[in-house]
Amino acid sequence: MFASVLVSGLVLGGIYSLVGAGLNLIFGVIKIINFAQGALLMFGAYLSYWIVTWLGIDPYLTLPLVVIGMALLGYTIQTALINPVLKQERTSQLLITFGIALLIQNGALALWGPDIRFVKSFVGYNTFAFFGIRIGVSAAIAILGAAVIISLLFIFLNKSKMGTAIRAVSQQSDSALLAGIDVKRVYAIAFAIGSAMVGVASVLMIPIYDIFPLMGEQFGVIAFIVVVLGGLGNVQGAAIAGVFLGVTQNIFAVYVSNQLSVAVLFLIFLITLLFRPQGIFIRKMRVA
Amino acid sequence: MAKDCGLVTMTNSILSIQSVKKSFGGLDVLKGINLDIEQGKITGIIGPNGAGKSTLFDIISGYQKANEGKIIFEGKDVSALMPHLLARQGVIRTFQLTRIFRNLTVAENLLVFSSNSKNQKGNSNERAIEILEFVHLSGLANAEASTLSYGQSKLLEFAQVLMHSPKILLLDEPFAGINPGLIDQMMEHLRKLQSEGLTIVLIEHNLPMVAKLCDSIAVVSNGVIEMHGEPDVIVNDSRVKEVFLGGH
Amino acid sequence: MRFPKKKTSGEPDNILTIPGLQNAGWPAFFGIAIILVGILAFPVAFDVRFYFVQVGILIMFYATLGTAWGIVGGYAGQHSIGQAAFVGIGAYTSTLLYMKLNISPWIGLFAGMLLAAFVAVIIGYPLFRYGLKGDYFALGTVALGLIIFEVTTSFSSFTGGSQGIPLKYEENPLNFQFPNRTVYYYIIFVIWLATVITSYKLRRSRAGFEMLAVRDDEIAAARGGISVLKAKLTAFVLAGVISAAAGTFFAQFILFLDPGTVMSLAISVQIILVAVLGGMNSYLGGTLGAIILIPVSQLLASTFTERPGTDLALYGVILIILMLFMPNGILGLFRKSPKWRKIVGW
Chain A
908 MFASVLVSGL VLGGIYSLVG AGLNLIFGVI KIINFAQGAL LMFGAYLSYW IVTWLGIDPY
968 LTLPLVVIGM ALLGYTIQTA LINPVLKQER TSQLLITFGI ALLIQNGALA LWGPDIRFVK
1028 SFVGYNTFAF FGIRIGVSAA IAILGAAVII SLLFIFLNKS KMGTAIRAVS QQSDSALLAG
1088 IDVKRVYAIA FAIGSAMVGV ASVLMIPIYD IFPLMGEQFG VIAFIVVVLG GLGNVQGAAI
1148 AGVFLGVTQN IFAVYVSNQL SVAVLFLIFL ITLLFRPQGI FIRKMRVA
Chain B
23 MAKDCGLVTM TNSILSIQSV KKSFGGLDVL KGINLDIEQG KITGIIGPNG AGKSTLFDII
83 SGYQKANEGK IIFEGKDVSA LMPHLLARQG VIRTFQLTRI FRNLTVAENL LVFSSNSKNQ
143 KGNSNERAIE ILEFVHLSGL ANAEASTLSY GQSKLLEFAQ VLMHSPKILL LDEPFAGINP
203 GLIDQMMEHL RKLQSEGLTI VLIEHNLPMV AKLCDSIAVV SNGVIEMHGE PDVIVNDSRV
263 KEVFLGGH
Chain C
-18 MRFPKKKTSG EPDNILTIPG LQNAGWPAFF GIAIILVGIL AFPVAFDVRF YFVQVGILIM
42 FYATLGTAWG IVGGYAGQHS IGQAAFVGIG AYTSTLLYMK LNISPWIGLF AGMLLAAFVA
102 VIIGYPLFRY GLKGDYFALG TVALGLIIFE VTTSFSSFTG GSQGIPLKYE ENPLNFQFPN
162 RTVYYYIIFV IWLATVITSY KLRRSRAGFE MLAVRDDEIA AARGGISVLK AKLTAFVLAG
222 VISAAAGTFF AQFILFLDPG TVMSLAISVQ IILVAVLGGM NSYLGGTLGA IILIPVSQLL
282 ASTFTERPGT DLALYGVILI ILMLFMPNGI LGLFRKSPKW RKIVGW
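Chains as they are written, first to last, in the numbering used here: chain A, 908 to 1195; chain B, 23 to 270; chain C, -18 to 327.
It is possible that part of the hints are untrue.
[To be verified] A few chain C residues that face chain A, going by a derived Cβ cut-off under 7 Å, partial list only:
| id | residue |
| --- | --- |
| 1 | Ala119 |
| 2 | Arg288 |
| 3 | Ala294 |
[To be verified] When the alpha-carbon atoms are kept at most 27 Å apart in a straight line, the in silico DSS-like pairs for lysine-lysine are as follows:
| id | chain 1 | residue 1 | chain 2 | residue 2 |
| --- | --- | --- | --- | --- |
| 4 | C | Lys81 | C | Lys182 |
| 5 | A | Lys1091 | A | Lys1066 |
| 6 | C | Lys211 | B | Lys98 |
| 7 | B | Lys53 | B | Lys87 |
| 8 | B | Lys87 | B | Lys189 |
| 9 | B | Lys43 | B | Lys87 |
| 10 | B | Lys189 | B | Lys214 |
| 11 | A | Lys994 | C | Lys317 |
| 12 | B | Lys87 | B | Lys63 |
| 13 | B | Lys189 | C | Lys211 |
| 14 | B | Lys87 | B | Lys98 |
| 15 | B | Lys63 | B | Lys92 |
| 16 | B | Lys87 | C | Lys211 |
| 17 | B | Lys234 | B | Lys263 |
| 18 | B | Lys87 | A | Lys938 |
[Unchecked claim] Covered stretches of chain C (chain A as the covering partner; in silico rule of three or more C-beta atoms under 8 Å from a C-beta of chain A):
| id | segment |
| --- | --- |
| 19 | 37 to 46 |
| 20 | 82 to 91 |
| 21 | 131 to 142 |
If you are wondering where the hints come from, they were derived from the structure by calculation, not from laboratory data. Every residue gets a Cβ at the ideal spot worked out from N, C-alpha and C, and that includes glycine.
Based on the sequences and whatever the hints tell you, model everything.
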């Protein structure tokens, strides 16, 4: 019994890691709070759903289309909406992603209604035995998929030319600019990748979870906890943090209280914000 | 490794920096700064870029905490104080990149800092007006600070620091980007203030200017004070000449 | 430190213009007087249907909340996203005291404000103390809002959970309940006016200047002796306290309380939108935003009943457009003109 709680915790954790790593990228590079991350997850899920409905293919097969679609969406959002306000005071950036989140989430609600939808993949509800534990195939795919994508992201950031440019911009955007890097374009690519990762997460998720307009809300906020807990710019940290949070939440939900399981995460969040000694606290100047 | 060139008699040291060390990550920026600032005098701090001059100012004014060492101001250990508390003690500094309140008017930029005691409200308006005239910004009193030119905003920052009646003024490259006529005016103001008892420490790259203005010069290099002495001596030192070659 | 004194003609120098209505002259005074009288007379003058009085109440309610948000978000520059949490704190505190302990909501009003101040300090102090980048404060308030929402929903035996609490109906003015519903209009009018005056006076006070300085450049503010922590905390507490008072009022007005009504994210969004639309840096911003937005939202609610979420989606669009083209709100368009600054107060 505990094993199955652990497994579903790992699935949840995998999703958190993916969404969180994507947010980490956006936050770390562009230095904005992307309130729309959860809404993008929901959008990816609906995108996959509609493709499945119209083309009749298996949800997992929608992956390439969803990834491309989400990447394009992310690129567009950054270029059209966020780049223009980057020079303005912090308000605009914060509130504009908030506005985007509102639009996507409630637009979905208004257009497609609050009804819960779901898809079924070819693997159905099959399970298999793994060292004596029953694991759903879709769960295993989700966990493995998350692990693979996060590893790919890590390799990309460290070994590829664009990845290096992204890291350069995230550390010192002024120097990167002087070095000839097109910072705005890097921003857009970072947002695109962040969105694409969310797209992957949504595809991995929907054979297991229900689809409804508010599905992303929880993930969007928890993604921030992943970022804060895992450390800014730290992909491995995001992965570990995501898994930790997913497992913790699930254990708490099953053994203590389902309602409060999310609140517990927020509590961890506040505590982390207050006591985490490095990463977000390294400021150039102390003021308060 | 601090060498003493020329004779600088410390009659009255208002600020004493003792063995201050500071590193960021793995980088040692300040490796042991020892410096006494004499009260009522103008001290210049020069050194190559990245030598840690601004960091030193940060530490003196409380924006950074030294890893080791102490800052003694007027006989008190102020190393741990927050910036606003140091400011209230009379330690006022400017920044390399001019910092003013862009969304407030020029007048409000000064009024923000009117004296902390409540019964001086009337006086603070007067004082602000006086200072605005002093820096020739009276005509722009009600303009939003974001509309000022670079030189004007530097003057505004200068006016702000004057509002505080500081005891010691730390100026970080106050003349950068200002036209020479204005520089002369500002130097006049500084000398006038000094004659009324203000201690001034300034970071500058322009060697001849520093030599003209300062009573003593300290050279920061490699994270320590390499030399500290009278301008004639410092300026004519061969190593200094080599590094600075006539200034910025 | 003395400066060469310029000989004046004996008149006090008038080159400094701090936003202040007293410099605005008689036309402004008359205008304000007429508007205030108009608001006061509105419910009784033309035999209006109570529906419109109710809209007026809603406008002033959100105007109060928007103006309060302007203090922490506009003056101090700290964008509190979960501000509805304080509305909820106020509403639930007074209601629970009333329902469980029979304490009059008038007293509960102050209890709620006190609790709100307490929460604001508890949350704000650590968030501001370590000088986290302003964004983390925003996140912290989101977390706060969600935690309070979840906690209220979960402890249902105590708080009535998501089903809410209907308030005891005792038509007793001592219990903040009035048989003539129009009285509520005048109560919120007083609350609203008090808030606007507070915001106005704050803008011109030392504390207000310090908040503005902190907003514009914390580092420069500290250099001048301003305690950044104190400025931010003061703003946050003040905004929270006002929001709590409004929350108590609202609970007493609609006589029903559930988390969705007083502390949902939708409410926080509406507060922010009201403040930002009007112009968050002006003491009149929240009011202007409410006057425009509340009737619009009422219209949307009645038109798109089959399509829930349309209003919030539209808010999203408005927010995006505002941020792209008018980040300082409507009143912000006037901020370059010194004459308008006097009245609008930037």
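Unsatisfied constraints (hint numbers, rising): Hints 4, 19, 20 not satisfied by this model.
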